[in-house]
Amino acid sequence: MKQPVQWRAQILALREGSGHRSLTLSGPPAGFSARPGQFVALAEPGQHPSALLRRTGWVVTQDDGLRASASLDTVTSGRDWLSGLGRKDTVDVIGPIGRPFSLPKQPTTCLLVGSGPAMAALIGLGRALVARDCRVEFIFLQSSDAGYGLLDARRIASATHVIDDSPATTDSEVHAALSQRLDTSTPGVVYSAGSSASLRLIAEVVTSSGVPHQCLVDFAVGCGTGICAGCALPVRGNDGVARVVRGCTEGAVFNADLLQWPDAAAGLAIGSELA
Amino acid sequence: MATATPDMTTVLAGVPLSSPVLAAAGCAGTGPELARFTDMSEFGAVVTHSVTEFGSTGRPMPRLAETPAGLLNALGLPGAGMDHFLATELPWLLSRHVTPIVSIAADTVAEFGRLAGRLRQAPGVVAIEVNLSSPVHGPGVLPFASDASGSAAVIHAVRRNAGTAMPVFAKLSGDIADTVSVARACVDAGATGLSLINAVRGLDVDLARQSLTLGSHVGGLSGPAIAPIALRAVWEVRASLGDVPIIASGGIWDGASALRMIMGGATVVAVGTALLQDPRAGRRVLDELTELLTEKGKLPAELVGVAHA
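One line per chain: the protein sequences are A and B, in this order.
Position in the first sequence (from 1) plus 478 gives the number in this note's numbering.
Position in the second sequence (from 1) plus 26 gives the number in this note's numbering.
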């Protein structure tokens, strides 16, 4: 089956959370297959939508309908249609999108760390890793127990930890807590997911340890098809050349060593001529 | 008795097209992105993203912001440059039986001329769209289309380098106070027709960050919010310049908005932002337009400019 595909889905179930909604969507077409780290792009259906961009839905599982976690942003005008949806409402879905996580060839200890709705992708990944006889530990960077995925993680993982990243906590405190956990867990690979700011902090810790690190960048998806180039991220290619790639089609999973973190956070690397 | 479906083939500046529904510049990616969802050859033509002389990564993030019924973008014309376009993107479009109209953008008149010269002998290119109106520039820098003489200088250089046989369309801004004067200057300088309109300059404030939303501050507003502005520009140019060929773009979202542009004076319409929200929107707009024309028992060309009667 040629992927990604586009279909009109009904919301079979939804769960509210802090800063996110978990949606179970009907009707992934036969042959639809999302791997951990891939996502769907959700649009308001109908000929005259109030919002013209899609929303990222991080895929958790596709066992009984497609379960995805979508972030909400009701600050900017026109971005609130997703929060108004209820059960049996419909959404236009495109997916699966993006590159999935690479799984280890041999069983090993895997540390899955991140925050926000993108943790949904790590939940799906955690299941896949356990199925491969890997030992899975989760670290949630969040200020409470209300974030997405904590209960699921506790069912899946050998250990689940929460590191407080509330505004009262300094980056150096989070840095120290992550370093300590990395030393204790001695993972063979680290997988992370979250905003650029969170991932940059995680990458600083992991890079110094030399452990392979794949990260999934949670970004505003734009069109979700690679057309609009609105989700550009600065990277350094395997050839050493700096370039800008589209988060949707060339991410959202990256080798953390290749992302240009300081510039990704500030958006400053973009605007130069290509080498 | 069933009404016959009208023949949707259209002629734009002497170029036969399979339909009057085009893909607008920058809204079909480089081709393969959109082709995963729709048959690109179903567009009457695809206006490419604006090709620049050299590659550019585009403008800083964030690049997109939603507004009521609209979309602000400040992409900054990302692309790999004309060499890459001719070697890779254009052959791909032709291999998929796409009719390409190549959009070009530059910072200087000389650069526009050089780009046009590169397209003169390029296989399969049926027309050039000259982007005089990109809304994203440095502080205090206005698009060429803000000024009639500046626009005319660009079109003159493009015409000289593209040759007399190549149809040349000047893409103008919706921001300029006197669209007709700039359009007339472009036609007098050698433009075959006009492309109306580009995104309209706009601004957004992020309430949470208490700062401007877009990395480049000013962006271009597109989507249904600008449809009446585009229709006004099309109508004014048609009223003043007669049956000069016009590619209408700006907020075309359905068959009705497409037909309004045609009745206002557009020869063809280009679907843009709608493709970002729904990659199948081009097919839908064509089907709806066909249905409306079927109801009226008219061909597309028979309704061009009828709102002026």
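Some hints here could point you the wrong way.
Listed below are the simulated DMTMM-like cross-link pairs for lysine to aspartate or glutamate, each with C-alpha atoms no more than 25 Å apart in a straight line [what the hints assert, rightly or not]:
id, chain 1, residue 1, chain 2, residue 2
1, A, Lys-480, B, Asp-204
2, A, Lys-583, A, Asp-661
3, B, Lys-322, B, Asp-133
4, B, Lys-324, B, Asp-313
5, B, Lys-322, B, Glu-68
6, B, Lys-324, B, Glu-59
7, A, Lys-480, B, Asp-33
8, B, Lys-324, B, Asp-33
9, A, Lys-480, B, Asp-269
The following residues of chain A were derived to be distant from chain B, with all beta-carbon distances above 12 Å [said to hold, decoys possible]:
id, residue
10, Pro-527
11, Ser-621
12, Ala-720
Don't read these hints as lab results, they were simulated from the structure.
From the three backbone atoms N, C-alpha and C, an ideal C-beta is built for every residue, glycine too.
- [ ] Mind checking the alpha carbons of B:Lys-324 and B:Asp-313 for me, to see if they're no more than 25 Å apart?
- [x] Roughly 15 Å between the alpha carbons, so the hint for B:Lys-324 and B:Asp-313 holds.
Task: Non-interface claim for A:Ala-720 versus chain B (Cβ beyond 12 Å) - done: violated, 9 Å
Task: Pair hint A:Lys-480 and B:Asp-204, alpha-carbon separation not exceeding 25 Å - done: Cα-Cα ~49 Å, so violated.
- [ ] Below or equal to 25 Å on CA atoms is what counts here, so check B:Lys-322 against B:Glu-68.
- [x] Satisfied, since the Cα-Cα distance of roughly 23 Å is no more than 25 Å.
Task: 25 Å limit on alpha-carbon distance, applied to hinted pair A:Lys-480 and B:Asp-33 - done: Between A:Lys-480 and B:Asp-33 the Cα gap is close to 32 Å, so the pair fails against 25 Å, i.e. violated.
Task: A:Lys-480 paired with B:Asp-269 [C-alpha distance capped at 25 Å] - done: Violated - the C-alpha atoms of B:Asp-269 and A:Lys-480 are around 44 Å apart, more than 25 Å.
Task: Pair hint B:Lys-324 and B:Asp-33, alpha-carbon separation not exceeding 25 Å - done: Holds, at roughly 9 Å.
- [ ] Given the hint that B:Lys-322 pairs with B:Asp-133, test it: the Cα-Cα distance must not exceed 25 Å.
- [x] violated, 45 Å
Task: Distance restraint between B:Lys-324 and B:Glu-59, which requires alpha-carbon spacing of 25 Å or less - done: Roughly 34 Å separates the two Cα atoms, so the pair is violated.
- [ ] Examine each Cβ of chain B, and state whether all of them lie more than 12 Å from the Cβ of A:Ser-621.
- [x] A:Ser-621 clear of chain B: closest Cβ-Cβ about 17 Å, beyond 12 Å.
- [ ] Run the C-beta distances from A:Pro-527 to all of chain B and say if the shortest one exceeds 12 Å.
- [x] Nearest chain B Cβ is 6 Å from A:Pro-527, so the label is violated.
Task: Proposed proximity, A:Asp-661 with A:Lys-583 (alpha carbon, max 25 Å) - done: Holds: A:Lys-583 and A:Asp-661 sit about 23 Å apart, inside 25 Å.
Consistency with the previously given hints fails for numbers 1, 3, 6, 7, 9, 10 and 12, ordered from lowest to highest.
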